[in-house]
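Taken in sequence, the protein lines are chains F and S. Residue 11 is where the first sequence starts when you use this note's numbering, and the numbers rise one by one after that. Residue 5 is where the second sequence starts when you use this note's numbering, and the numbers rise one by one after that.
Hint data in this document are derived by calculation from the structure and do not stem from the laboratory. Beta carbons are placed, not taken as given, at the ideal position from N, Cα and C, and that holds for glycine. Be careful, since some hints might not be right.
Claimed, not checked - Derived Cβ-Cβ restraints for the label pairs, each shown as a range:
#, chain 1, residue 1, chain 2, residue 2, range
1, F, L263, S, R10, 31 to 41 angstroms
2, S, R244, F, G163, 23 to 33 angstroms
3, F, I41, S, R10, 53 to 63 angstroms
4, S, I8, F, I247, 43 to 53 angstroms
5, F, L263, S, Y11, 32 to 42 angstroms
6, F, R262, S, G145, 19 to 29 angstroms
7, F, I41, S, T91, 12 to 22 angstroms
8, S, Y11, F, R103, 16 to 26 angstroms
9, S, P175, F, W266, 23 to 33 angstroms
10, S, T27, F, V251, 44 to 54 angstroms
11, S, G158, F, I41, 40 to 50 angstroms
To be verified - Simulated crosslink set (SDA-like; lysine to any residue; CA at most 25 angstroms straight-line):
#, chain 1, residue 1, chain 2, residue 2
12, F, K254, S, V97
13, F, K254, S, E176
14, F, K254, F, V29
15, F, K254, S, N94
16, F, K254, F, T197
17, F, K166, F, V107
18, F, K254, F, L36
19, F, K254, S, A179
20, F, K254, F, V243
21, F, K254, S, L148
22, F, K254, S, I92
23, F, K254, S, S37
24, F, K254, S, I93
25, F, K254, S, L129
26, F, K254, S, R144
27, F, K254, F, Q200
28, F, K254, F, V34
29, F, K166, F, F111
30, F, K166, F, L106
31, F, K254, F, E269
32, F, K254, F, A85
33, F, K166, F, T197
34, F, K254, S, R90
35, F, K254, F, L192
36, F, K254, S, A99
37, F, K166, F, E185
38, F, K254, S, Q98
39, F, K166, F, P193
40, F, K254, F, L32
This is what each chain is made of:
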Amino acid sequence: MAASKTTIWARLLHAVSSVASLVVALLAWEILARAHVVSAFLLPRLSDVLVRIFTDSLSGQLFVDTGLTVWRSLAGFAFAGVFGVLIGLMLTRNWLVRWFFDPILSVGLPAPKIAFLPVFILWFGLFDTAKILMAGFAAIFPVIAASAAGAAGVDKFLVWSARSAGASERQVLGEIILPAALPEILTALQVALPICLIVTIVSEMTMGGDGLGASMLNAARFADSVGVFSGIVEVAITGIVLIKLLELVRRRLLRWHQETQ
Amino acid sequence: MGVINRYFPLVLLVGAWEAASRTGLVDPSVLPSFSSVAIALWHMLIDPDLYHNAAASMVRLIGGLGLAVPVGVALGIGMARSNAVRTIINPLVQAIYPMPKSALIPVMIMWLGLGQAAKIALIFLGCLLPIVLSAYNAARGVDLVLIWSAQNAGASRGELLREIILPAAMPEILAGIRTALALSFVLLVSAEFLMARDGLGYMIAFLGEGGVYNSMFAAVIIVTALGFFADRLYLAFMRRVLVWRE
Numbered sequence: 011m012a013a014s015k016t017t018i019w020a021r022l023l024h025a026v027s028s029v030a031s032l033v034v035a036l037l038a039w040e041i042l043a044r045a046h047v048v049s050a051f052l053l054p055r056l057s058d059v060l061v062r063i064f065t066d067s068l069s070g071q072l073f074v075d076t077g078l079t080v081w082r083s084l085a086g087f088a089f090a091g092v093f094g095v096l097i098g099l100m101l102t103r104n105w106l107v108r109w110f111f112d113p114i115l116s117v118g119l120p121a122p123k124i125a126f127l128p129v130f131i132l133w134f135g136l137f138d139t140a141k142i143l144m145a146g147f148a149a150i151f152p153v154i155a156a157s158a159a160g161a162a163g164v165d166k167f168l169v170w171s172a173r174s175a176g177a178s179e180r181q182v183l184g185e186i187i188l189p190a191a192l193p194e195i196l197t198a199l200q201v202a203l204p205i206c207l208i209v210t211i212v213s214e215m216t217m218g219g220d221g222l223g224a225s226m227l228n229a230a231r232f233a234d235s236v237g238v239f240s241g242i243v244e245v246a247i248t249g250i251v252l253i254k255l256l257e258l259v260r261r262r263l264l265r266w267h268q269e270t271q
Numbered sequence: 005m006g007v008i009n010r011y012f013p014l015v016l017l018v019g020a021w022e023a024a025s026r027t028g029l030v031d032p033s034v035l036p037s038f039s040s041v042a043i044a045l046w047h048m049l050i051d052p053d054l055y056h057n058a059a060a061s062m063v064r065l066i067g068g069l070g071l072a073v074p075v076g077v078a079l080g081i082g083m084a085r086s087n088a089v090r091t092i093i094n095p096l097v098q099a100i101y102p103m104p105k106s107a108l109i110p111v112m113i114m115w116l117g118l119g120q121a122a123k124i125a126l127i128f129l130g131c132l133l134p135i136v137l138s139a140y141n142a143a144r145g146v147d148l149v150l151i152w153s154a155q156n157a158g159a160s161r162g163e164l165l166r167e168i169i170l171p172a173a174m175p176e177i178l179a180g181i182r183t184a185l186a187l188s189f190v191l192l193v194s195a196e197f198l199m200a201r202d203g204l205g206y207m208i209a210f211l212g213e214g215g216v217y218n219s220m221f222a223a224v225i226i227v228t229a230l231g232f233f234a235d236r237l238y239l240a241f242m243r244r245v246l247v248w249r250e
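With the hints as constraints, model all of the structure from the sequences given.
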């Protein structure tokens, strides 16, 4: 009994200490702003920011902006995920595809893809298509590279024994190579998601058309610092929620894998 | 020969690009021919204007990263070595890390205006967290037996840090800085699209808005090449620093 009590206390203490400094930082923000240590323009009160988020949620603007940013990021993410995995798997199976994509990949992987933003505006206009494709283009390179590396690292004996058991090429791909490469693919998707968010927000800032990025930049242009800071809070929460959701998906998909045991 | 063979698909791509715009398959106002982009690129390269913009961009990049690397490594190792530092910093890092860093751009505009400081601060803040986390994970992963035997042999705290922890954590820290380098280019170009009157990102946006598309493509090629070569240069540096490990 005593032992279980101490572990409860230890857990509670751990839980408190793991958020204590965050709470202190938020309190310090409110106190600093109230004490006018810095001007209200540079640092509006946290309470004012929360009130703004609340009124934005009543007017519905919060959900419009957040929904648009999430939709654009996830659509770009899906584009990068689907085509990235397809190209990556083809790279390991077809030498012509490998020969063709290898130099494109080695230049494209480290290059700052965001530089192509004006090109995407020129080609696809200022609306969702351009924003989604820009995010997908920026995020696809790590997915291609990781799927190719994952598929290339699959145990040859697994593939051979599946083939000798009479599996078709499709079955080998779907039931052996894809599951075996899945941990690496998911790691790449976890890199791709923040890229999609970063790029979507920059696209919204440059092209407008609502979304969290556009509303933040508008607020900055009108010197509405409460608006900018409520945008920061909304973007931070959106980012955390999406990234945690992807972690859950990973754990669920890899239930059979030793990393989740 | 090997290099030519390896990068031959890029030559094919450029050939297809040129053919598509020459045969009128694509509208040259949407995709100017490669030859006109190449000519624009040449004019750009002999114009000192490019070097002013490149210098402005490099100052921002080096300033931001140059601050983020020492501060990030110090914070990360501090988090791994001291409970107090970890209790204070870790919740903040975990809460802020998933935030898309580009959201800081409007805050930087408000706090620091459109000058050099706003971009340096943006790159510093954006790159800080990946470096902190990689240094923290690296220092936490150092073999405890190594630390204990050094302590047993009478190593001071400073010696322990210099002789054991830093070298053992170096590969992971350097990999984290590589991630930060790529991110710094993204933040630099984004910030220059939105809040600058010079720099390479500003050049691309300015040429695009002016409709000078062949020059815009030339500037995009320059920035892409710069990102690529910066990464290659850093990789070579990394291999040199880690040569003792082989």
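Q. When the hints from earlier in the document are held up against this structure, which numbers fail?
A. Of the numbered hints, 21 and 23 do not hold.
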